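**Student:** What follows is the residue order along each chain.
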Amino acid sequence: MNFVDPALPHPWRVAAVSRELADTVTLEIAPVAGPTPSYVSGQFNMLYVFGVGEAAISLSGNPARRGRYTHTVRGVGAVSRALASMETGDTVGVRGPLGRGWPLAAARGGDFVLVAGGLGLAPLRPVIYEVLAQRKSFGRVSVLVGSRHPEDILYRGELERWQADRDLDVQITVDHAEAGWRGSVGVVPALVPQVDVDWGNAMAFVCGPEIMMRYTVTALREVGMDDERIYLSLERNMKCGVGLCGHCQLGPVLVCRDGPVVRLDSIANLLGMREL
Amino acid sequence: MKSLEEVLARQPFLAELDARYRALVVGCARNHRFPEGAYLLREGGAADEFFLIRRGRVALELAPPGVLPLVIATLGEGDIVGASWLLPPYRWRLDARALEPTVAIGIDADCLRRKCDEDHDLGYEMMKRFLPVFVKRLHAARLQLMDVYGRA
Numbered sequence: 001m002n003f004v005d006p007a008l009p010h011p012w013r014v015a016a017v018s019r020e021l022a023d024t025v026t027l028e029i030a031p032v033a034g035p036t037p038s039y040v041s042g043q044f045n046m047l048y049v050f051g052v053g054e055a056a057i058s059l060s061g062n063p064a065r066r067g068r069y070t071h072t073v074r075g076v077g078a079v080s081r082a083l084a085s086m087e088t089g090d091t092v093g094v095r096g097p098l099g100r101g102w103p104l105a106a107a108r109g110g111d112f113v114l115v116a117g118g119l120g121l122a123p124l125r126p127v128i129y130e131v132l133a134q135r136k137s138f139g140r141v142s143v144l145v146g147s148r149h150p151e152d153i154l155y156r157g158e159l160e161r162w163q164a165d166r167d168l169d170v171q172i173t174v175d176h177a178e179a180g181w182r183g184s185v186g187v188v189p190a191l192v193p194q195v196d197v198d199w200g201n202a203m204a205f206v207c208g209p210e211i212m213m214r215y216t217v218t219a220l221r222e223v224g225m226d227d228e229r230i231y232l233s234l235e236r237n238m239k240c241g242v243g244l245c246g247h248c249q250l251g252p253v254l255v256c257r258d259g260p261v262v263r264l265d266s267i268a269n270l271l272g273m274r275e276l
Numbered sequence: 277m278k279s280l281e282e283v284l285a286r287q288p289f290l291a292e293l294d295a296r297y298r299a300l301v302v303g304c305a306r307n308h309r310f311p312e313g314a315y316l317l318r319e320g321g322a323a324d325e326f327f328l329i330r331r332g333r334v335a336l337e338l339a340p341p342g343v344l345p346l347v348i349a350t351l352g353e354g355d356i357v358g359a360s361w362l363l364p365p366y367r368w369r370l371d372a373r374a375l376e377p378t379v380a381i382g383i384d385a386d387c388l389r390r391k392c393d394e395d396h397d398l399g400y401e402m403m404k405r406f407l408p409v410f411v412k413r414l415h416a417a418r419l420q421l422m423d424v425y426g427r428a
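For the record, the sequence lines run as chains A and V. Read in order, the letters of the first sequence are residues 1 to 276 in the working numbering. Read in order, the letters of the second sequence are residues 277 to 428 in the working numbering.
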């Protein structure tokens with residue numbers, strides 16, 4: 001029997017580090033021994049910095065790529081800062097892949113809208129890779145990206161390449177900019193009505209800060225989307241990662257086990273609830 | 277070449293406006309072309325004409341002393357540029373600059389205000405159209421103020 005204990009971190013090696021932003025890096029990691037389990041876009045790993053702690057980090061690379069995992073990490077807390085300062089050759093503990101990912105199969109055949117805010121683009125990037133690899137399986141595809149400032153746009157070079165690519169409609173907006181910025185300024189939900197898709201048959205995947213997702217949901221509902229066609233990736237402070245400890249509970253939902261990707265109608269009433 | 281009335285009739289902002297009211301608005305309207313970098317309006321200037329963008333993009337800018345101007349929003353096709361014409365003292369509170377060659381319909385603010393005063397039904401129709409625009413911008417400004425990505 002091939003039993004993998006989900007509570008036991010396995011040692012992986014940092015194979016490559018690329019700096020994305022001042023406080024954000026992308027780590028490529030490879031197993032010290034053993035296989036690299038396949039994953040679904042939207043899943044996450046618990047990454048363990050020995051002696052510091054563990055954090056849930058989304059997989060942000062191309063799921064078709066074997067032998068390595070890609071994680072984009074922003075250094076904001078003790079663990080994420082330790083991850084963001086790792087160098088090639090360092091060892092990191094890995095538990096995963098965990099959680100439920102994006103239901104990409106459900107989006108096939110129709111128009112498709114991805115809405116990302118800030119680091120929320122990281123869990124959506126694997127979806128973009130998959131869409132591009134199977135482009136004919138989808139209708140019109142729009143990627144809406146919101147950032148704080150032009151200097152904070154994640155994967156900017158890649159986004160600009162995709163913008164030039166006629167296979168995707170990529171729209172980027174920032175909350176603040178100086179006069180030299182020639183792109184859009186405004187919040188990402190405001191881009192939603194500008195998208196040319198058949199909203200009645202489209203699917204939307206949304207990931208970003210929770211308040212940004214709430215506003216985006218409002219914008220998606222206003223253009224006629226049903227809650228059943230909107231999926232969100234939730235972020236909660238996770239500990240066990242496998243639905244045992246309850247640390248990441250959102251009402252009846254254990255985000256690590258039932259999410260992080262959830263269909264809006266399963267949590268719609270919980271999103272704006274202060275106590276949660 | 278389309279008449280100004282035909283052009284205005286195709287603007288979502290004036291969608292379903294009764295033809296008789298649309299004719300009143302057309303009476304206050306004229307076409308404009310702004311080259312890239314041109315200002316549609318400047319902070320402190322008289323708010324005597326606002327704009328409906330037909331093509332192009334416009335940046336709304338604030339220029340605090342000693343630093344580069346800040347872009348607080350960009351507007352595009354179908355958007356309204358200018359709100360201060362609605363309220364005394366009818367002075368612009370920011371700059372609006374064309375980011376690219378822009379075609380817009382200018383509406384004489386004094387002309388439209390006068391017609392709205394004379395015909396409150398027109399005034400109500402205009403209010404129903406302007407209020408949602410500015411409420412949406414208020415909501416967006418609130419979200420921008422929260423600086424949500426700083427804590428993402």
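There's no promise every hint is true.
[Claimed, not checked] Looking from chain A toward chain V, a few residues come up when the C-beta cut is under 8 Å (computed):
1. Gly109
2. Asp111
3. Val170
4. Ile172
5. Ala177
6. Arg182
7. Val187
Source of the hints: derived by calculation from the structure; they are not laboratory data. Keep in mind the model is a prediction, meaning the values are calculated, not measured. Each residue gets a CB set at the ideal place from its N, CA and C atoms; glycine is no exception.
**Student:** Let me know if the C-beta of arginine 182 of chain A comes in closer than 8 Å to any C-beta of chain V, holds or violated.
**Tutor:** holds (6 Å)
**Student:** Close enough to count: is the Cβ of glycine 109 of chain A nearer than 8 Å to one in chain V?
**Tutor:** Because about 29 Å separates glycine 109 of chain A from the closest Cβ in chain V, which is outside the 8 Å limit, the hint is violated.
**Student:** Would the stated hint for alanine 177 of chain A survive a check requiring a Cβ distance to chain V of less than 8 Å?
**Tutor:** holds (5 Å)
**Student:** Interface hint check: isoleucine 172 of chain A, Cβ to nearest Cβ on chain V, cutoff 8 Å. Holds or violated?
**Tutor:** violated (11 Å)
**Student:** Does the interface hint hold: is aspartate 111 of chain A within less than 8 Å of chain V, judged Cβ to Cβ?
**Tutor:** violated (21 Å)
**Student:** Next item in the hint list is valine 187 of chain A. Is there a CB on chain V closer than 8 Å to its CB?
**Tutor:** holds (5 Å)
**Student:** Is the interface hint satisfied for valine 170 of chain A? The criterion is a beta-carbon contact with chain V at less than 8 Å.
**Tutor:** Since the shortest Cβ distance to chain V is 16 Å, the answer is violated.
In this structure, the earlier hints numbered 1, 2, 3 and 4 are contradicted, and the remaining ones agree with it.
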